[in-house]
Amino acid sequence: MEVILKMKPNQLVNAFLVFFIIHTTQVGVGLQGFQRIIYRDAQQDAWISVLISGVATSLLVFIIIKTLELYGSTDLYGIQHDVFGILIGKVLNCFYIFYSLLSFFVVLRNYIEVIQAWIFPELPLWFLSMSMLILVTYGINSGVRSIIGISFFSVILSLWLLLFISYPIKFARIDHLLPMFEADLISLLKGAYNMTFTVLGFEILYIIYPYLKEKKKVMKFAQLGILFTTFIYTALMIVAITYFNGVQLEKTVWATLSLFKIVRLPFIERFEYVAITFWMLIILPNLIFYMWSACRGMERVFKVSIKRSVWLFSLIVIISVQLIITRTQVNHLNDLFAKCAFFVVACYPFILFSFAWLKKKVFNKGIGT
Amino acid sequence: MKRLKIYIIILWIFILLTGCADRKILEDIGLITTVGYDLAGNNNIRSTMVVLQIDPEAVRNIDVISSEGLTSKGGRLNANLKTSKELQSGQLRVALYNEEIAKRGIKPYVDTLARDPSISDLTYLAIVEGSTKDLLKHEYHNISDVGQQLFNQIEQLTDKEQISNATLQEVQQSYYSDGIDPILPILKRDGELIRVTGNAVMRNDKIVGKLSPDDSFYVKLIRDQYHAGSIELPFEMKDENGKEQKVTTVIDMIVSSRDLSLKDKNIPQFDLQLNIKARLLEIQGDVDLTIPTNVKQLEKALNNKIKKEAKKVITYSQERNSDIFGFGEVYRSSVRHSDLTKGKWHEKYKNMTYTMKVDFRLVRTGITE
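Top line first, the protein sequences correspond to chains A and B.
Once you know that position 297 of the first sequence is 297 in my numbering, the rest is easy, because the numbers rise by one and skip nothing.
Once you know that position 272 of the second sequence is 1272 in my numbering, the rest is easy, because the numbers rise by one and skip nothing.
Hints listed in this document are in silico derivations from the structure and should not be mistaken for laboratory results.
Since we're looking at a predicted model, the values are computed, not measured.
The beta carbon of each residue, even a glycine, is placed where N, CA and C say it ideally should be.
Where hints are given, some of them may not hold.
As the list claims (entries may be wrong) - Residues of chain A clear of chain B, computed beta-carbon distances all greater than 12 Å:
id, residue
1, Asn14
2, Asp41
3, Phe84
4, Ile86
5, Ile88
6, Phe98
7, Ser158
8, Leu161
9, Leu162
10, Lys216
11, Lys261
12, Arg270
13, Gln322
14, Phe355
15, Leu358
Said to hold, decoys possible - Computed cross-link-like contacts, DSSO-like style, restricted to lysine-lysine with a CA-CA straight-line distance of at most 27 Å:
id, chain 1, residue 1, chain 2, residue 2
16, A, Lys170, B, Lys1277
17, A, Lys251, B, Lys1342
18, B, Lys1103, A, Lys251
19, A, Lys251, B, Lys1107
20, B, Lys1002, A, Lys303
21, A, Lys170, B, Lys1002
22, B, Lys1206, A, Lys251
23, A, Lys251, B, Lys1344
24, B, Lys1342, A, Lys170
Work the whole structure out from these sequences, hints included.
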């Protein structure tokens, strides 16, 4: 396998698009209802946990980009192959492909759960997953530049949803935030840990990196993306704490969506239905990126073309989506995934960086030897 | 190109297929706009629903259906047996609870509304003196659609700040809060009219007392912080010759704010300061407003009157042990690690003391003097 990837100029995209890539991959199903999970640990100080998780993700992005910069132009599959050798590298690469596919699956299943709970209780799982998969396949077959284009428009076209947060602010009670700093450090960190599922997505940098044109600017725009996401999460957390009462918030499964329930416009009375259906546009880049990084892995490791593996993976998803039916199962899946993801995105980057750094700087070995 | 065509065809199929998902044709459904709950027998609940029908040939476009069941949703299922149209609650505007039910607690009925994604958070809740069936079933001379009438009446009064905002969201927020109790308007059929007779004082979800509309004004003044509407105040004051005389005024609050702070957390003791800026709408009695001292006298007299009345209402709520003012919220937000629960706070609230200051300013007396 080639470690260093040389892209043709027409495959590259501008570095500022990293902002949109990071933002869209982070924002997704987690945003719909992360508030109550954090509130359970940190109570009214939950917004501090969100900020802590923001700082942590910023640090992780820093490490990820530093790792990639050691090589110049490669992706995770190349680095693992180079650092750990052919055999272990292959095993780890397979694991990462599986992880991407699992992320895809979790995002899809959670979105379907929302659709079923809020709008169409009778709609079968296969129907919803099939319609999403067709969109995803279509997106992937159009190439990397189109995928990044989708993420750009997903951000731009969904920003207006934020304006409607002003409606619940009218009913907010600021004293819900008091007394401040009551939670101890352990609960705050626990809350931040529970943010994992929500802040996930920035690991896409590992795969997308070779396609970026000005590598030096990547860090700046990636950090800006993280900053923007953290800002939105903190704002939504504060609005949810002040709008809902504590016990009520713990009972509300999708707090962000419930915030939209208070919006009533003259021409549309139940705005949450618009928000939920519009969420598909927010989810779509998420799904496409995860599926693409899995397919890209297949191409890099096993030299199977992306177009072929996307059909294979779609089939796997359609079959396995039938296995998880009830809410309890969905919650269980989310917990399990969050634990696994915490290792992959929060611990592993440090391990990988130290190995890669040791190999390059201490043993002073060239690439691919 | 051929591939693109296939995609477009598949996408079209899916767009058309969405029409198959759980259709709701307007002519085939009955929209429940108002629902009332009464106790029937020991365990049964009688639900009365005002159903809006879209049928150009019908004489009356509303239908009032009553049915019994063990639960509120069971009542709806039974009601469905009496109609040719499928009953849907997505347009529910007002939910009424009979006093007897409110004595037992409205929590289960509020919970079922909150659980249903099709029900808006802006649904108004109210308590009814007498049976809700009688209120809804009565054929009023001047009211063609009782559901619409109720909704408009409550909305109008809430907008004009004459009654507290008792939407599903507000009631839930105070119910789940440890330091504030909900307050709901009370309605009554009065001959051919529907009248708001005051506010229900709730302890948790049970009605424990009633306040007249005038008394409710003071609750709004302290609880809601912003506006409190208008009030008629009869009182006695000395004129310039030192003679006692009866004066009745109607004043309209322009700006009102309250400062509530905890002085002593053991008793507990509070400092309550009300700042009111008001304008005079009407005055009956012989007061010459061109003389500045008279205006001062009037302000002072009103100040004392408001203080006296507000104290009376607070004492009443303490007797009934229902914190409709939100003293407990201030306690919770100022005491660290208080571990407040509803029960604990109600214990403390009985013995609560406070000092009250009113700063009343008459800023305008109309366009004549």
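Okay, the hints, checked on the actual structure:
The claim that A/Asn14 is not at the interface with chain B holds, since no C-beta of that chain comes within 12 Å of its own (minimum 27 Å). Once the 12 Å rule is applied to beta carbons, A/Asp41 is consistent with being away from chain B; the minimum gap is 16 Å. With a least beta-carbon separation of about 38 Å from chain B, A/Phe84 lies farther than 12 Å from that chain, consistent with its non-interface assignment. No Cβ of chain B comes within 12 Å of the Cβ of A/Ile86; the nearest lies about 36 Å off, and the non-interface call holds.
Non-interface status of A/Ile88 relative to chain B is upheld: no Cβ of that chain comes within 12 Å, the nearest being about 39 Å off. With 12 Å as the threshold on Cβ separation, the claim that A/Phe98 sits away from chain B holds: the shortest Cβ distance comes to roughly 28 Å. Even its closest Cβ contact with chain B, about 21 Å, leaves A/Ser158 beyond 12 Å, as expected for a residue assigned away from the interface. For A/Leu161, the requirement that its beta carbon stay farther than 12 Å from each beta carbon of chain B is met, with the minimum near 18 Å.
With a least CB separation of 19 Å from chain B, A/Leu162 remains clear of the 12 Å interface cut-off, as annotated. No beta-carbon of chain B is positioned within 12 Å of the beta-carbon of A/Lys216; the least distance is around 38 Å. Under the 12 Å C-beta cut-off, the non-interface status given to A/Lys261 relative to chain B is violated; the minimum distance is some 4 Å. Not every CB of chain B lies more than 12 Å from the CB of A/Arg270, the least distance being 6 Å, so the non-interface label is violated.
No beta-carbon of chain B comes within 12 Å of the beta-carbon of A/Gln322; the shortest separation is about 19 Å. No Cβ of chain B approaches the Cβ of A/Phe355 within 12 Å, the least distance being about 42 Å, so the stated non-interface status holds. The Cβ of A/Leu358 lies farther than 12 Å from every Cβ of chain B, with a closest approach of about 47 Å, so its non-interface assignment holds. A C-alpha spacing of about 22 Å is found between A/Lys170 and B/Lys1277, which places the hinted pair at or below 27 Å, so the restraint holds.
For the hint linking A/Lys251 to B/Lys1342, the alpha-carbon distance of about 17 Å falls within 27 Å, and the restraint holds. The straight-line distance between the Cα atoms of B/Lys1103 and A/Lys251 is roughly 25 Å, inside the 27 Å bound, and the hint therefore holds. About 14 Å separates the Cα atoms of A/Lys251 and B/Lys1107, which keeps this hinted pair within 27 Å; it holds. A threshold of 27 Å between alpha carbons decides the hint, and for B/Lys1002 with A/Lys303 the separation of about 26 Å falls inside it, so the pair holds.
For the hint linking A/Lys170 to B/Lys1002, the alpha-carbon distance of about 53 Å lies beyond 27 Å, and the restraint is violated. The hinted pair formed by B/Lys1206 and A/Lys251 meets the criterion: a straight-line CA distance of about 21 Å does not exceed 27 Å. Between the alpha carbons of A/Lys251 and B/Lys1344 the distance comes to roughly 22 Å, so the proposed pair stays at or under 27 Å and holds. For the hint linking B/Lys1342 to A/Lys170, the alpha-carbon distance of about 26 Å falls within 27 Å, and the restraint holds.
Consistency with the previously given hints fails for numbers 11, 12 and 21, ordered from lowest to highest.
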